[in-house]
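*Asks:* Take a look at the letters that make up each chain.
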Amino acid sequence: MEAAAPPQGMRGRPLNLPDISIIGVVDGHLTDDRSDAYRDRLEFREVELALQGFIYPQMRADVFLALHKHEDEYDAEICEAKAGFLRLAEGLSAEVGKIHVNFGKLNKMHTHHRPMIDQPQALTGFFGDHGLIGQGGTASYLFPLPFYLQAEGGVWRAPAHHHHAEGAAEVADLSGNTVNAAVYEESEEFSMSGELFTGRLKASFAPTAKSELEIGTSLAAGHGSHYTHHKDKAMVSAVDLTFRVWPSSYAKWTLQNEWLHLSRKVPPGNLERDGFYSYLSYRFDKHLDLGGRFDYAEGAWPVRSFERSFSAIAGYHLTETSAVRLQYKVRGMDDKTVHEGWLQLAFGLGPHSHELE
Amino acid sequence: MKRTSRLAALFCLLFPAAAWAKLRVAATTTDLEWLTEAVGGESVEVESLSTGDQDIHFVEPRPSMVMRLKRADVLVRTGLDLDMWADSLVAAARNGKVVYGAPGYVDASVGIELLQIPVGKVDAAMGDIHVFGNPHYWLDPANAAVITKNILDGLVRGDPKNEAAFTENRERFLAALDAKLKEWDLKAAGLKGLKLVTYHNSWVYFAKRFGVELFGNIEPKPGIPPSPSHLERLISMMKEDGVRVIMAETYYPVKGSKMVAEKTGAELVIVPSSVGGLPGIKGYFDVFDCVLNHLVDAVGVKGDAR
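Line by line, the protein sequences are chains A and B. Residue numbers for the first sequence follow our numbering, beginning at -18 and rising by one. Residue numbers for the second sequence follow our numbering, beginning at 3 and rising by one.
Hints were generated in silico from the structure; no laboratory data involved. Given the structure is predicted, the values throughout are model-derived calculations rather than measurements. Any given hint could turn out to be false.
No farther apart than 30 Å at their CA atoms in a straight line, the calculated lysine-lysine pairs in the DSS-like style are these [as the list claims (entries may be wrong)]:
no.	chain 1	residue 1	chain 2	residue 2
1	A	LYS191	B	LYS24
2	A	LYS267	B	LYS265
3	B	LYS189	B	LYS151
4	A	LYS267	B	LYS197
5	B	LYS99	A	LYS191
Which stretches of chain A does chain B cover? Using the computed rule of at least three CB atoms under 8 Å from a CB of chain B, they are [unchecked claim]:
no.	segment
6	67 to 78
7	103 to 117
8	225 to 231
9	264 to 272
The beta-carbon is built from N, C-alpha and C at its ideal position, and this holds for glycine as well.
The shape of chain A in the complex, shown without the other chains (with noise of 0.2 Å):
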């Protein structure tokens, strides 16, 4: 008997090949802030290599390795590598390894993927340039209900930042009391760090044939990147919400919304910050879309700051990895305005899959 062609993923068994792929990632960024190093350039941002298959039924294996531009040199790092094991029982799942969080609506998505050039503020304020990324394992359960809810939970292991002391001083806490306290060189970076524990639970409705809302709530915990020099504690959590209209075939309405909420226990007291950004999006066909995303994002820092933006998006998408972007940025920030653009080409080859988001 005639057998079915395989899904893809599966392509390479007959060789015992997994399905390989590349997306690489050329970005130019103008913008007006002098203090900007790296402005005004045109340059190969990132390459990255997928290798996915199937390693055993129900049993998967996605490794991700990317060559990324750091100030000026290349970095290789492994950006997620995981086993995945596709249905342990029914309706449970779960994955090992070096992962992209997941936690709210971007965070999960390789940059590229993204509808976006740049992070929301947010993300980067609470969880670094590169988001939430753990070496661990998450475990997600599928409910048997007549609506689609999904709740899963992780445990992980996320890089810790490196500084010096500078010394103590006399300090007020949050309190206005003056405590006596270490004083450190503070990295322009906070991130989470050390074990973390993180939960998601998302929901989704399809109110009419053509439309989808998606309800989803997140929970991170566990310390902050300096947290051997601040002991402090740290918490993010999130909202998101998101509406999809498809009016036509190819015509596609998104409005995307996340917000976070970071505590960080520290010694002179808690710190309470919040974060947000909403992004609207019409896709006119297959190819062109445009956007707009207002962002607003205190920093995690015991100073209060926060910075606002407003930015323009166009995507013309040539297939469903290769895509030419554009961005305006204007950012508020206490004491400036910067206008930023980015011009970016992201091209794939191959069969380069991610799953469902």
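Go by the hints and put chain B onto chain A.
*Replies:* This is chain B only, laid out in the frame that chain A set:
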């Protein structure tokens, strides 16, 4: 007692599969949904993951579709990489009954005599080429015999006790199909040798069945939007060869086709390629009735179309 009834009602609401013992089928297209209903009859509950007015190459997987696959006993798909979007849904549904190789996995293309199987190297320079061959096989209605055989086998694997009923339903369908094929052959007799331009390369099976000659496509290559230079070349070739009919599916952009029609004087016909592709196209046979009627009308309008 009242409390027990309420609990039972709540259970049925939350777990609808328990409310009736029908075999639950998810189909990736409305055509496969319709054909599965024809074979399964009253014993199956079929849901399509897409709608008939969608470009089946370009369906966006959504969480609500996951639930249709999660509760399915059988998945019927077109295969041949046309509905690749279903792969992420199958993985997300975590339903062992419908994964590749499971008894509930039905690839409707198995056994189809495929056309345009690429030979040699295939890459994106050729456009959106399907490596296993042209996947629009359901547009030859005679292929429904093979499709329904695959569906029958899948339904029997899922519900062996209803094998006789499924087989009988399929026999009834094949008899109806046979009658329709004769009717369509008569209707299409005047279309033999008709030179036809289509938007996408999706009508090769249809053309072979009804003796239509495919002259070219509005798309320069599959999935690539038409460029002005391609359209100019196509217009010039159409004028030279006297091609007077252009056919496009309902979901494709009409601008390029309309421009070519205006410049060549050709008749532009917009047709459904699936059940539900236009209002009133409620069944698989309606698709061919509609397409053939449009073509016959177009040929009638442009009497020198062949």
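*Asks:* Now tell me if each hint is right for this structure.
*Replies:* Quick rundown of the hints versus the structure:
no.	hint	in the structure
1	A:LYS191 to B:LYS24	holds (26 Å)
2	A:LYS267 to B:LYS265	holds (25 Å)
3	B:LYS189 to B:LYS151	holds (27 Å)
4	A:LYS267 to B:LYS197	holds (28 Å)
5	B:LYS99 to A:LYS191	holds (27 Å)
6	67 to 78	holds (count 6)
7	103 to 117	violated (count 0)
8	225 to 231	holds (count 5)
9	264 to 272	holds (count 3)
Consistency with the previously given hints fails for number 7 only.
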